[in-house]
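*Asks:* Chain residues, written in single-letter form:
Number of protein chains: 2
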Amino acid sequence: MNERTKKSELGTVRTEYYNAPKGEKFILENGIKIPDLKIAYEAYGKLNKEKTNAVLICHALSGDANAAGTHKDSSKPGWWDDMIGPGKAFDTEKYFVICSNIIGGCKGSSGPNSINPDTGKPYGLSFPIVSIKDMVSAQKKLVDHLGIERLLSVCGGSMGGMQALQWAVSYPEAVLSCIPVATTHKHTALQIAFDEVGRQAIMADPAWNGGDYYEKAHPSSGLAVARMVGHITYMSDKSMEQKFGRVLTKEKLGYEFTTEFEVEGYLRYRGDSFVKRFDANSYLYVTKAMDHFDLQGKNKKLHQAFRGIKTRFLVIAFSSDWLYPPYQSKEIVKALKMNGIPVTYCEVSSDYGHDAFLLEFGEQTKLIGHFLKNVQKKTEK
Amino acid sequence: MNERTKKSELGTVRTEYYNAPKGEKFILENGIKIPDLKIAYEAYGKLNKEKTNAVLICHALSGDANAAGTHKDSSKPGWWDDMIGPGKAFDTEKYFVICSNIIGGCKGSSGPNSINPDTGKPYGLSFPIVSIKDMVSAQKKLVDHLGIERLLSVCGGSMGGMQALQWAVSYPEAVLSCIPVATTHKHTALQIAFDEVGRQAIMADPAWNGGDYYEKAHPSSGLAVARMVGHITYMSDKSMEQKFGRVLTKEKLGYEFTTEFEVEGYLRYRGDSFVKRFDANSYLYVTKAMDHFDLQGKNKKLHQAFRGIKTRFLVIAFSSDWLYPPYQSKEIVKALKMNGIPVTYCEVSSDYGHDAFLLEFGEQTKLIGHFLKNVQKKTEK
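These protein sequence lines are chains A and B, in that order. Oh and the first sequence: position 39 is 39 in our numbering, straight run, nothing missing. Oh and the second sequence: position 380 is 761 in our numbering, straight run, nothing missing.
Please note that a few of the clues may not be correct.
[Said to hold, decoys possible] No more than 30 Å apart at the CA atoms, straight line, and that leaves these computed lysine-lysine pairs for DSBU-like: (1) B/Lys624 / A/Lys334; (2) B/Lys624 / A/Lys300; (3) B/Lys619 / A/Lys243; (4) A/Lys301 / B/Lys619; (5) B/Lys747 / B/Lys619; (6) B/Lys682 / B/Lys711; (7) A/Lys33 / B/Lys522; (8) B/Lys754 / B/Lys387; (9) A/Lys238 / B/Lys681; (10) A/Lys298 / B/Lys624; (11) A/Lys238 / B/Lys619; (12) B/Lys679 / A/Lys238; (13) A/Lys250 / B/Lys406; (14) A/Lys7 / A/Lys373; (15) A/Lys238 / B/Lys631; (16) A/Lys373 / A/Lys46; (17) B/Lys597 / B/Lys419; (18) A/Lys216 / B/Lys597; (19) A/Lys243 / B/Lys681; (20) A/Lys38 / A/Lys94.
To be clear, the hints were calculated from the coordinates, so they are not data collected in a lab.
Based on the sequences and whatever the hints tell you, model everything.
*Replies:* Pasting the structure below:
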């Protein structure tokens with residue numbers, strides 16, 4: 001993820017919360033019910049009278065509801081501030097842009113670090129396993145609550161793209177257009193493998209303690225290692241070579257096991273800063289949700305999942321993304337085309353690897369900006 | 382690494398040891414001296430009278446001196462048994478094949494788990510940092526001891542390939558031919574990054590205890606995670622998809638964080654079995670040696686490193702190897718050609734990723750077999 005220290009055109013924003021009505025339980029895909037569902041979200045721009053200009057942004061593994069604008073207590077604008085704001089791809093002069101934090105996360109929505117009303121203590125591993133579908137059905141509660149019947153668009157990168165796809169499949173009538181970016185319709189063995197290493201690193205940390213650590217020292221060492229593995233997969237051979245190469249942090253090599261190469265220092269910094277802002281149990285839950293994600297389903301063809309959908313699609317992939325390689329986006333495109341669903345596919349040429357969806361604003365702005373304008377035009381006819 | 386349970390044509394073999402003469406100290410590249418240098422090695426075939434038919438095989442990160450044949454107490458032949466033996470690529474009817482364990486390792490040669498004669502206890506982190514060049518100069522001691530002035534060939538895959546390249550550069554007169562396989566002349570930022578994550582996983586394990594654990598519980602959890610990361614990089618997206626896909630180990634998903642996908646079970650098995658046969662401190666030392674490896678050197682061109690060398694080269698890379706991608710082998714080939722050094726480059730088409738050097742025997746056998754015959758013919762003229 002890129003450093004964000006510049007000023008946001010959206011100014012100061014704040015996170016809001018949707019709380020399920022008293023007594024209503026939220027039913028998960030696996031049948032388990034969560035009491036007191038809470039969803040953290042932010043919204044930018046104005047919802048029009050007809051409520052037809054709402055766009056939902058879905059975030060990735062470590063993201064949160066703060067997609068754009070700056071919080072009062074922070075100097076960094078939200079994670080997609082370059083894409084959301086006046087005159088930007090998601091133009092807040094035209095659209096009402098919502099970003100909601102996922103359930104299972106640790107950024108204000110219900111998750112393993114929430115208080116279990118039955119015990120008065122954090123759930124930990126007693127929080128039920130959640131799926132991408134659950135994240136989406138929780139978002140649907142929020143969207144319903146805001147009185148929006150149909151979203152102009154749902155967009156997201158990485159795990160956000162999985163949610164966008166799931167929205168179109170779960171609620172085709174409620175999604176006019178869909179923009180999955182740098183994503184896949186199902187995790188492959190390689191993607192599961194990387195997630196599993198991260199989980200193993202966390203669970204190998206004695207401080208993890210079976211997920212019961214909220215009142216003690218957190219499993220920071222394990223979570224940092226998990227994040228380091230993740231960061232490698234977000235970059236590319238070329239972007240790492242350009243950014244670090246073999247540049248050293250010290251003159252003389254080889255007398256200890258401290259940081260010697262800049263790339264080592266970068267990874268350690270990324271690992272250490274992540275543990276200050278993320279919960280280890282959420283890392284387990286959210287990566288599991290991604291690994292379980294399979295829009296295709298066992299013994300089915302992917303195109304069957306999209307049957308009957310009228311949503312228009314813009315699918316974006318990045319040339320050097322080896323975590324969610326372009327071939328996976330092309331599989332989605334093919335399955336959509338087999339249903340006669342209107343879809344545009346764009347592969348952005350970039351050296352940034354998977355991180356490109358958080359860094360390549362120029363082309364993404366043009367592609368998404370024009371796509372949304374066209375979708376909106378159709379609604380006005 | 383592949384499972385090896387079939388019978389070896391070489392029959393039962395055993396590891397032998399070279400011990401430096403009493404009182405002689407082995408001087409490392411960094412000037413530090415090691416007393417009592419010990420090198421574990423094996424040899425197959427017969428050294429001819431002229432001592433001109435010796436081939437040295439260099440092993441990779443987790444390898445050992447047992448390249449071929451079977452140990453009395455084991456059912457598995459050595460790690461390159463398919464390549465070494467009567468009628469094989471390294472034909473033991475023709476060649477005297479030596480494989481020596483690296484210093485810094487934990488398979489019989491001097492390393493961090495060796496006893497420090499000054500303290501009577503294992504060195505741990507007080508063992509000096511070693512380089513690929515040190516591994517090679519220790520092997521040179523062994524080769525000298527065997528009375529061999531010039532090797533017919535030096536060959537190795539992965540880190541073994543780094544040693545082969547270093548041999549040609551350090552002792553050009555002693556190396557008639559060189560076969561670097563699936564390797565590089567310097568670690569890139571990406572390669573350093575993967576190694577660093579492995580080291581961090583080990584050092585994050587409280588049992589590691591600053592490297593001082595030989596009389597206590599070993600840092601098995603950390604080492605297992607390190608090995609899991611490694612294993613992912615040895616395979617390819619395609620080979621993982623073919624081997625595991627999304628196949629499950631249980632009927633019902635998502636109620637716990639135990640193994641659910643076969644790929645998870647495989648990684649855990651690989652991690653757990655590795656800790657039984659490898660030392661965590663050695664993992665730190667050997668990966669550091671690889672990260673420090675840079676034949677090119679700072680502010681130099683790679684072709685300058687090969688100046689004046691008369692060794693003949695066969696460079697082999699594998700199409701799906703993303704840990705040591707073919708472009709890195711091509712850089713070596715170009716640098717050799719810029720010196721007018723005879724070199725043949727072969728890219729073997731394979732889905733196995735980096736592991737291909739341990740699995741693709743058909744083409745490797747033909748390529749290496751013919752190359753060695755030609756080299757030997759030239760010596761007879």
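*Asks:* Compare the structure with each hint and give your call.
*Replies:* Verification of the supplied hints:
As the CA atoms of B/Lys624 and A/Lys334 are separated by approximately 25 Å, the hinted pair is consistent with the 30 Å bound. Simply put, B/Lys624 and A/Lys300 have alpha-carbon atoms about 20 Å apart, close enough for the 30 Å limit, and the pair holds. Of the supplied pair hints, the one linking B/Lys619 and A/Lys243 holds, its CA atoms being roughly 28 Å apart against a limit of 30 Å. About 19 Å separates the Cα atoms of A/Lys301 and B/Lys619, which keeps this hinted pair within 30 Å; it holds.
Restraint check for B/Lys747 and B/Lys619: the C-alpha separation of about 25 Å stays at or below 30 Å, so the hint holds. Restraint check: the Cα-Cα separation between B/Lys682 and B/Lys711 comes to about 15 Å, which is no more than 30 Å; the hinted pair holds. Under the criterion of a C-alpha separation no larger than 30 Å, the hint pairing A/Lys33 with B/Lys522 is inconsistent with the structure, at around 69 Å. For the hint pairing B/Lys754 with B/Lys387, the CA-to-CA distance comes to about 27 Å; that is within 30 Å, so the pair holds.
Pair hint A/Lys238 plus B/Lys681 holds up; C-alpha atoms about 20 Å apart against a cutoff of 30 Å. With a C-alpha separation of about 17 Å, the suggested pair A/Lys298 and B/Lys624 falls inside the 30 Å cut-off, and the hint holds. For the proposed pair A/Lys238 and B/Lys619, the alpha carbon gap of about 21 Å is at most 30 Å, so the pair holds. Proximity of B/Lys679 to A/Lys238 is assessed by CA-CA distance (about 19 Å); at most 30 Å being required, the pair is judged to hold.
A distance of roughly 29 Å separates the Cα atoms of A/Lys250 and B/Lys406; the hinted pair therefore holds under the 30 Å criterion. With a C-alpha separation of about 26 Å, the suggested pairing of A/Lys7 with A/Lys373 holds against the 30 Å cut-off. Taking the CA atoms of A/Lys238 and B/Lys631, the gap is about 39 Å. The hint is violated against a cut of 30 Å. Taking the CA atoms of A/Lys373 and A/Lys46, the gap is about 16 Å. The hint holds against a cut of 30 Å.
Between B/Lys597 and B/Lys419 the alpha-carbon distance is near 25 Å, which keeps this suggested pair within the 30 Å criterion. A hinted pair counts as satisfied when its Cα atoms are at most 30 Å apart, and A/Lys216 with B/Lys597 qualifies at roughly 26 Å. For the given pair, A/Lys243 sits about 20 Å from B/Lys681 by alpha-carbon distance, which is consistent with the 30 Å threshold. This hinted pair checks out: A/Lys38 and A/Lys94 have alpha carbons roughly 28 Å apart, not beyond 30 Å.
In this structure, the hints that do not hold are numbers 7, 15, in rising order.
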